[in-house]
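S.K.: Each chain, written out:
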Amino acid sequence: MTSPVPTIDRSCGPSGCEVDWLTSERHQVADDVASFTAWAAERGWGDGLPLVPPTEGRVRAFLANCGRFPDEVVAALPPLQGECTVEKIAVNAVMAGTTPAAMPLIIAAIEAMARPEFNLAALNATTGSVVPAVIVNGPARDDLDIAYEVGCLGGAGGGAPAIGRAIRLVMRNLAGQLAGVTSQSVFGTPGRLAGIVFGEWEEVSPWAPLAQRRGVTGNAVTVYGAMGTTNICDMIADNGRSLLEYVGKGLAYHGANGTLPSSAFCEAFVAFNPVWAKMIAAEYPRMEDVQQVLWEAASLPVSSFPAGYDESLVGDRRIGDRMYIAQSPGDVLVAVCGGMGNLHALSMPSWGDTKSVTAGFQ
Amino acid sequence: MTFVLDPTLAPVADIGDPGPDVDTLQGKRVGFRRDILWRSWDWVSDEWARLAQTDGAEVRFWRAKGRTGDEGDAMLKELDEFVAGIDIAVVGLANCGSCTSWTIHDALRAASTGIPTAAVCTDHFKDLASTLARRGGRSALRRHILPYPLDTLPEAEVRDIACAHYRSFLRTLGL
Numbered sequence: 001m002t003s004p005v006p007t008i009d010r011s012c013g014p015s016g017c018e019v020d021w022l023t024s025e026r027h028q029v030a031d032d033v034a035s036f037t038a039w040a041a042e043r044g045w046g047d048g049l050p051l052v053p054p055t056e057g058r059v060r061a062f063l064a065n066c067g068r069f070p071d072e073v074v075a076a077l078p079p080l081q082g083e084c085t086v087e088k089i090a091v092n093a094v095m096a097g098t099t100p101a102a103m104p105l106i107i108a109a110i111e112a113m114a115r116p117e118f119n120l121a122a123l124n125a126t127t128g129s130v131v132p133a134v135i136v137n138g139p140a141r142d143d144l145d146i147a148y149e150v151g152c153l154g155g156a157g158g159g160a161p162a163i164g165r166a167i168r169l170v171m172r173n174l175a176g177q178l179a180g181v182t183s184q185s186v187f188g189t190p191g192r193l194a195g196i197v198f199g200e201w202e203e204v205s206p207w208a209p210l211a212q213r214r215g216v217t218g219n220a221v222t223v224y225g226a227m228g229t230t231n232i233c234d235m236i237a238d239n240g241r242s243l244l245e246y247v248g249k250g251l252a253y254h255g256a257n258g259t260l261p262s263s264a265f266c267e268a269f270v271a272f273n274p275v276w277a278k279m280i281a282a283e284y285p286r287m288e289d290v291q292q293v294l295w296e297a298a299s300l301p302v303s304s305f306p307a308g309y310d311e312s313l314v315g316d317r318r319i320g321d322r323m324y325i326a327q328s329p330g331d332v333l334v335a336v337c338g339g340m341g342n343l344h345a346l347s348m349p350s351w352g353d354t355k356s357v358t359a360g361f362q
Numbered sequence: 001m002t003f004v005l006d007p008t009l010a011p012v013a014d015i016g017d018p019g020p021d022v023d024t025l026q027g028k029r030v031g032f033r034r035d036i037l038w039r040s041w042d043w044v045s046d047e048w049a050r051l052a053q054t055d056g057a058e059v060r061f062w063r064a065k066g067r068t069g070d071e072g073d074a075m076l077k078e079l080d081e082f083v084a085g086i087d088i089a090v091v092g093l094a095n096c097g098s099c100t101s102w103t104i105h106d107a108l109r110a111a112s113t114g115i116p117t118a119a120v121c122t123d124h125f126k127d128l129a130s131t132l133a134r135r136g137g138r139s140a141l142r143r144h145i146l147p148y149p150l151d152t153l154p155e156a157e158v159r160d161i162a163c164a165h166y167r168s169f170l171r172t173l174g175l
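Chain order of the listed sequences is A and B. Once you know that position 75 of the first sequence is 75 in the working numbering, the rest is easy, because the numbers rise by one and skip nothing. Once you know that position 165 of the second sequence is 165 in the working numbering, the rest is easy, because the numbers rise by one and skip nothing.
What the hints contain is simulated information worked out from the structure, not anything from laboratory work. Keep in mind that the hints are not guaranteed to be accurate.
Some, not all, of what chain A presents toward chain B, calculated at C-beta under 7 Å [as the list claims (entries may be wrong)]:
hint, residue
1, 28
2, 29
3, 31
4, 55
5, 126
6, 174
On a predicted model such as this, the values are computed, not experimentally measured, just so you know. All C-beta atoms, glycine included, are put in the ideal place defined by N, C-alpha and C.
With the hints as constraints, model all of the structure from the sequences given.
M.R.: Right, here's the structure in full:
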């Protein structure tokens, strides 16, 4: 077995190495956040929030902790399609205000988003309000202080917002996703600022972790093309069957990705709070059965669509006189997270024919 | 003062050549790449195909569907086979963000084989198409611009627009 951690410290500078491994152009600027943020904004590097100046020292600290060589090409991110190196990711991660320890997760998420099935070229250009959500499994949740309990999708603080922002800055500065230039997103989404990054509360989930069910154990990210978040509230159901049916029906609405003829493939995502998860699992201990009930409920009668829509409701999501929001039960992703306050499930409608990707990291 | 590292990348190398001109339609195989989004592009390409046949061309159609997973792999294979069987590629329709991305992708793939290729865009998405062509490494990719909005117009009106644009479309191809 060879260690994945390089034995050569390539974070060293010209004084410490025969070759300086950092190839980014250097700019001389004032070393304070306000001045640098204003200067960077003029160059289109910024997202409107304060930016940490990516000095050589800060960037080298990030590189020293990530176990990857600075000149390694992680991906060619569309639409720019340039070589997205570990060094460039580190520069953007510094600016976002995250920590060096987050580098392996950030790199894994970017590698996952660059997979062909994620369709990043289309996702980064679309008129839709989509952002890749990152669901984290494994010990890294706690190591990086990624929230998975109350307020985990926003408001809980911790390490997730800066990690999400680092990924968003990579999309801006390396992929070249710029609103009104390469991105045609009509409305955008708040998630394009700090991403959507949260953990699964594996310790209270009655089912195996999401990533494990998708074949990856330990630290892992699952990236999913999310058209924002939607709340599904219920105060009536007193059994797992009713609750699953109700939430499933909440996934299906006119205008959802699955109802669009332009989407050749569609997924759905549901997060259950721990209280509901326990109630559901009492009747459905197998995740496959949970997905089956959700999928069966997540459909709309063709008769509910306005006149003129019928001929567009085709493909393998139309079964008989109903239009399903996903091709199969397995395309409904389920995770457990959130507070113990009960009452709510969370849905993330999908985008286009993007297929979610799960990847592990050290 | 201090030194900071640049967080951006330089654009990829650019090909400033639009590719060969079309000298005649007589006896040429004109391939129209369609999609599963825009009925207006079906109508426009119907009309252009009919007129091209009148000008002596043989026309072929191929429809792009899902672009991810196994279906996505199959689409690329089908596209390559389609392009291998034509002399002129007409790729549309760039009429939204994601479909502009795939229109330019497929047009660049066709152009890279050396055949005359035009991407067809609506006016609102022409700048995106130009940007993506540049970032895809071929800023001079031929683009024909149709009015916007197009897909919300009645079929007869769209077909009239197609006919009105036919000659300028041929000029886009260099004819």
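S.K.: If any of the earlier hints don't hold here, list their numbers in rising order.
M.R.: none
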